[in-house]
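There are 2 protein chains.
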Amino acid sequence: MIPKNHPRYESLILREKIKIAYKEGYLADSGMIAHGRGETFDYLIGEKTIESAYKAIEISIATLILAKNPVISVNGNAVAIAIDEIIELSKVLNCKIELNLFYRTKKRVEIIEKIFKSKGINILGANDNDLLFINGINSPRATADKNGIYDADVVLVSLEDGDRAEILVNSGKKVIAIDLNPLSRTAKMANITIVDNIIRAIPTMKEIAIDLKNKDKNYLKKIINDFSNEENLKKSLKAIKSNMNQ
Amino acid sequence: MIPKNHPRYESLILREKIKIAYKEGYLADSGMIAHGRGETFDYLIGEKTIESAYKAIEISIATLILAKNPVISVNGNAVAIAIDEIIELSKVLNCKIELNLFYRTKKRVEIIEKIFKSKGINILGANDNDLLFINGINSPRATADKNGIYDADVVLVSLEDGDRAEILVNSGKKVIAIDLNPLSRTAKMANITIVDNIIRAIPTMKEIAIDLKNKDKNYLKKIINDFSNEENLKKSLKAIKSNMNQ
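So the sequence lines, in the order shown, correspond to chains A and B. All letters in the first sequence, in the order written, are residues 1 to 246 by the numbering used here. All letters in the second sequence, in the order written, are residues 1 to 246 by the numbering used here.
Next comes chain A alone, as it looks inside the complex (with noise of 0.2 angstroms):
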């Protein structure tokens, strides 16, 4: 339907597989206008991998290569766009993945496990039985699988929640999250922020742990030691910013 040469291609395309995801019942309509905003962000950051978000996702595979239980963790959004990138980075990086819906209701619940399924993965969070609050704190948006994030060293959120981020953050697990706005409560609370869409982001992270798997440990302590989120956040911001002065 949409032309290859559009030069909208690739958004449009994501914009489709936003839609299908809708009328297939497990996005909420919240995810569409949660897209939307994506959009925006993606647009001003001149749908690019900008230099700041290859050097945050250089950082997130180290830090998820030395994990003793890194878990990647999906929403609606995520599954829609990127899940066959998702699972193939789970692959290479040894990850579980956990679903955590911000609307969670059972079919949506019911309808990712099942496409999960259909690609040979089982993934955690589905099961209610499972759930634990993370530090007791008695909230939906404290929930982790026992045998996923409620154990996990580091995680990896996308287009998530800024108090789920906080939790996660609270709980003292590492947080690694994708996320378009430079200035969000999640970006700022991460660990390791990259400023990128994960459509891009992912397939990149698949690349550089591809790479950095091979390399000395010690290589990767240094390199993660001398990252400051707050110096690569505030890169990203000066790169929205000049690219909205082209």
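Hints were generated in silico from the structure; no laboratory data involved. Where hints are given, some of them may not hold.
As the list claims (entries may be wrong) - Using C-beta positions, here's what the derived DEER-type ranges look like:
| no. | chain 1 | residue 1 | chain 2 | residue 2 | range |
| --- | --- | --- | --- | --- | --- |
| 1 | B | 162 | A | 23 | 24 to 32 angstroms |
| 2 | B | 222 | A | 139 | 46 to 54 angstroms |
| 3 | A | 140 | B | 211 | 31 to 39 angstroms |
| 4 | A | 121 | B | 130 | 52 to 60 angstroms |
| 5 | A | 203 | B | 114 | 41 to 49 angstroms |
| 6 | B | 69 | A | 51 | 46 to 54 angstroms |
| 7 | B | 3 | A | 211 | 46 to 54 angstroms |
Stated by the list, open to error - Keeping only pairs whose Cα atoms sit at most 30 angstroms apart, straight-line, the calculated DSSO-like set for lysine-lysine is:
| no. | chain 1 | residue 1 | chain 2 | residue 2 |
| --- | --- | --- | --- | --- |
| 8 | A | 241 | B | 234 |
| 9 | B | 107 | A | 23 |
| 10 | A | 222 | A | 48 |
| 11 | A | 48 | B | 188 |
| 12 | B | 23 | B | 55 |
| 13 | B | 235 | B | 222 |
| 14 | A | 238 | B | 55 |
| 15 | B | 68 | B | 213 |
| 16 | A | 19 | B | 114 |
| 17 | A | 17 | B | 17 |
| 18 | A | 238 | A | 222 |
| 19 | B | 215 | B | 241 |
| 20 | A | 17 | B | 23 |
The structure displayed is predicted, hence computed values, not measured ones. Glycine included, C-beta positions come from ideal geometry on N, C-alpha and C.
Starting from the known structure of chain A, arrange chain B on it as the hints suggest.
Below, chain B without anything else, positioned relative to chain A:
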């Protein structure tokens, strides 16, 4: 449902209105995503009416007062979030209101026509038999009601597609655009661009219309002549970047 003291109360109320419009069947799924794009721009602008927008509003109202046949163009999103405000403004300015849907379906047109009727307004653009192609351009972007936009000298559009804005401008009409993105094609194409959320801009326009209606016409002509949309757009962009630094 949403507590009035919620820090994002206004924004959440608009989001609810959009969801309701979608459920009522007159807003396209793309309209929900478009609302999300607007949310980001409004967030970046600080969710307030900036000085350059006040200036553009003043010039717009002067232009609308001097117009012979001004029309306010509405789409699904405008109806969803600001129908009452639009009707009030149209009354103060003696403007017609015309419906122009990007994703026009018979059902959507009927629902919106009915909503306006319930508020005592006969909107233009609803009857296919009254639609003509502007400049003979055979495109759904070029249709206009023969009793409204087709013969209008000034058109107020909000949340408008760039192709449509271009057709209106090229037909010699003066176009006033309310658009939160100062970099958009519509914003650049329009004769006057109000970089603001319609939910704030339109009530402000009404207040200023009441004020300017009593002014001397030569005064109105003078302030219009002194105005540069290009300069004003630069100020809007500067305000957004300055807000991002805070």
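Evaluated hints:
no. : hint                                : verdict
1   : 162(B) / 23(A): 24 to 32 angstroms  : 27 angstroms, holds
2   : 222(B) / 139(A): 46 to 54 angstroms : 59 angstroms, violated
3   : 140(A) / 211(B): 31 to 39 angstroms : 49 angstroms, violated
4   : 121(A) / 130(B): 52 to 60 angstroms : 55 angstroms, holds
5   : 203(A) / 114(B): 41 to 49 angstroms : 48 angstroms, holds
6   : 69(B) / 51(A): 46 to 54 angstroms   : 52 angstroms, holds
7   : 3(B) / 211(A): 46 to 54 angstroms   : 49 angstroms, holds
8   : 241(A) / 234(B)                     : 13 angstroms, holds
9   : 107(B) / 23(A)                      : 19 angstroms, holds
10  : 222(A) / 48(A)                      : 28 angstroms, holds
11  : 48(A) / 188(B)                      : 23 angstroms, holds
12  : 23(B) / 55(B)                       : 37 angstroms, violated
13  : 235(B) / 222(B)                     : 21 angstroms, holds
14  : 238(A) / 55(B)                      : 28 angstroms, holds
15  : 68(B) / 213(B)                      : 14 angstroms, holds
16  : 19(A) / 114(B)                      : 27 angstroms, holds
17  : 17(A) / 17(B)                       : 24 angstroms, holds
18  : 238(A) / 222(A)                     : 26 angstroms, holds
19  : 215(B) / 241(B)                     : 35 angstroms, violated
20  : 17(A) / 23(B)                       : 20 angstroms, holds
Hints 2, 3, 12, 19 from the earlier list are contradicted by this structure; the remaining hints agree with it.
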